[in-house]
Amino acid sequence: MLGKILLRYLKTYRWLLLGVLVFQFASAYAQLTLPRLNADIIDQGVAKADIGYIWTHGAIMLAVALGQIVAAIIATYFAARAAMAAGRDIRRDVYRKVSGFSEREVTQFGAGSLITRNTNDVQQVQMLAMMGATMLVSAPLLAIGGIIMALQQDMGMAWIIAVSVAAILLLIGIIASRMVPLFRSYQRKLDGVNLVMREQLTGVRVVRAFVRERIEEARFRLANTDIMVVGRRVGSLFVLMFPMAMLVMNVTVVAVIWFGGIRVNDGEIEIGTLFAFMQYIGLILGGVLMASFMTIMIPRAAVSAERIGEVLDVKGSLDRPDKPVSSFSAPGALEFDDVSFAYPGADEPVLSGITFRAEPGETVAIVGSTGAGKTTLVSLIPRLFDVSSGAVRVAGVDVREADLDLLWKGIGLVPQRPYLFTGTVASNLRFGREEATDAELWHALEIAQGREFVAEMEGGLDARIAQGGTNVSGGQRQRLAIARAIVHQPDILVFDDSFSALDLTTDSRLRQALWRELPRVTKIVVAQRVSTITEADRIIVLDAGRIVGMGTHDELVASNQTYREIVESQLGVDA
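So for the sequence shown, the UniProt record's numbering puts the first residue at 1; every next one is plus one.
Read the hints as simulated data drawn from the structure, not as lab findings.
Be aware that one or more of the hints could be misleading.
Stated by the list, open to error - In silico lysine-lysine, DSS-like type, Cα no more than 27 Å apart, as pairs:
(1) 315 / 97
(2) 97 / 409
(3) 97 / 189
(4) 315 / 4
What the hints assert, rightly or not - What follows is a list of derived Cβ distance ranges for each label pair:
(5) 516 / 471: 39 to 45 Å
(6) 516 / 4: 56 to 62 Å
(7) 177 / 204: 40 to 46 Å
Think of the CB as a built atom: it goes at the ideal place given N, C-alpha and C, for glycine as much as any other residue.
Kindly generate the complete structure, drawing on both the sequences and the hints.
Right, dumping it as C-alpha cells:
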C-alpha cells in the first residue's frame with residue numbers, strides 16, 4: 001500500500017524527483033571525489049613538501065566541496081517541494097472522501113481515527129517521501145561508490161568493509177523487525193488518545209454537570225499512559241540502535257588504523273591512501289546507516305499508508321451514481337415508497353413500511369415518542385443514509401440515482417443540533433449560497449425571528465461567531481441555522497426538531513413567517529411540541545418505526561389513540 005500511495009501522488013511531481021536524482025548524484029560524486037583529492041595532497045604535496053601542489057589541489061578540493069553543498073541544498077529543496085505537495089494532495093483526497101461519507105462510514109472508522117489518518121498518518125508518509133527522496137538516493141550511491149573507491153585504494157583491507165557492513169545490517173535488521181508491530185500499535189493508541197480528547201472537549205458541559213472530571217482524567221491518563229508505554233519501547237530501540245551503530249563504526253576505524261598502519265609500515269600503501277580509505281569507510285558506513293534509518297521509517301510509514309488507503313479505498317454507501325439523473329420533474333415533491341431502514345448490525349429495522357407523499361408547498365409534520373425513528377426518517381431525504389428497501393423520491397427522482405449536488409441544492413436541512421462554523425454571521429448564513437446579498441440575509445433573519453438580536457450584535461452581519469456557535473445562546477443558534485437554510489433557497493425545508501429551543505411566542509411567529517413568506521416550499525417538520533404542528537397540512541404519527549396514523553390535527557385527535565395520548569400529555573386536556 002505504501003508503494004501504491006507514493007506512486008499515485010509522487011508521479012505528478014516526477015520532474016522534481018528527476019532533479020533530486022541528478023543533484024543527489026552530483027553531490028554523492030563530489031563526496032566520493034574529496035577523499036581521493038585529500039590522499040593526493042598528502043602523498044604528493046605534504047610528503048614531498050610541494051607547496052604549489054597543495055595550493056592548487058586544495059583549491060580544487062574547496063571548489064568540489066562547495067559544489068557538493070550547493071547540489072545537496074538544491075536536491076533537498078526539490079525533495080521537500082515534491083513531498084510537501086504530495087502530502088497536500090493526500091490530505092485533500094482524504095478530506096474529500098470523508099466529506100462524502102455517510103454516518104455509517106464515519107461510525108465505522110471513528111471521528112478520532114479519521115482525524116489522525118488525515119494528520120499524523122499523512123505526515124508519516126510525507127516525511128518518508130522527503131527523506132526517501134534524499135537518503136534513499138544518496139545512501140546507495142555513497143555506499144556502493146565508497147566500496148568501489150575504497151577497493152581502488154587498497155584491496156588488502158576489503159575484509160574490514162565486509163565485516164562492518166554485515167554487522168550494521170544485522171543490527172538494523174533485528175531492531176527493525178521489532179519496531180513494525182510497535183508502530184502499528186502506536187498509531188492505534190494515538191487514535192485512542194484523540195478519541196478520548198475529542199469526547200471530553202465536546203461533552204465538557206456534561207462532564208462538569210455530573211462531576212466526572214476525575215473519572216475522565218483517569219480515562220485520559222490510561223489512554224495517555226498506553227501510548228507512552230509503546231512510545232518508550234520505540235524510543236528504547238532507537239536509543240539502542242545509534243550507539244550500537246557508532247560502536248561498529250568506531251571499531252571499524254580502529255581496525256583500519258591498526259591494520260592499515262601495519263601495511264603503511266610495510267610499505268604496501270601510502271599514508272594518504274590510508275586516510276582516504278578511512279574516509280571511504282566513513283562514507284560507506286554512513287550510507288548504510290542512512291539506508292538503515294530509512295528501514296526504520298518505512299514500517300511506520302507503511303502502517304500509516306495502510307490506514308490512509310483504507311479510507312481512500314472504502315466504498316462509501318453514498319457513492320455517487322455512474323449516470324446520475326440531473327433533471328427533476330416536480331421540484332418540491334417528496335415521496336416515501338414502502339421504505340424500510342436498519343442500521344448495520346441491528347437486529348430490527350428502525351423504520352418499516354413508510355409510505356407517504358408530500359406535494360410542493362405542503363407542510364408535513366412528523367411526531368412520535370422518543371426512539372420512534374423521526375430523525376432517521378428525515379435523514380433519508382438528503383441521503384445521509386440509504387434505505388434498506390423501498391425508495392425515497394425527491395421531485396420524482398430516486399435519491400440514489402440523483403445527482404447529489406443537485407439533490408442537496410434543492411434541500412435545506414436544519415438538524416436537531418444546529419452547528420455554526422467559525423467566522424461571521426454572514427459567512428454562516430451564506431454557507432449554502434455564497435452569492436446571497438445582505439438584503440437576502442436580513443430577510444432570512446427576519447423570517448427566522450433573528451433580525452433583532454443580530455442587529456444588536458457588534459458588527460451586525462459581520463459579528464464574530466465562535467466554533468460551534470458557542471458565543472450565542474441555544475435559541476439564537478437555532479434561529480441562525482434556520483435562517484441559513486432559508487438563504488439556501490431550497491425546494492424542500494426539513495426541520496428536525498428545530499423549534500425546541502424557542503419559546504412558544506417565537507415559535508409561533510417563526511412558523512407564521514415561514515408559511516407566509518415561503519408558500520411554495522415543501523416543509524417537513526419533526527416536532528416534539530404538539531403546538532408546533534397543529535396547523536400542518538398532514539401529520540404523520542410514528543410508533544416503533546411504523547406509521548400508525550396520518551391526517552390533520554383534528555382528524556388524528558378524533559381517530560388516533562397514540563396521537564391523542566401525545567396531545568393529552570402535553571396540553572393537559574381531555575382529547
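Hint by hint, which ones does this structure get wrong, listed from lowest number up? 5
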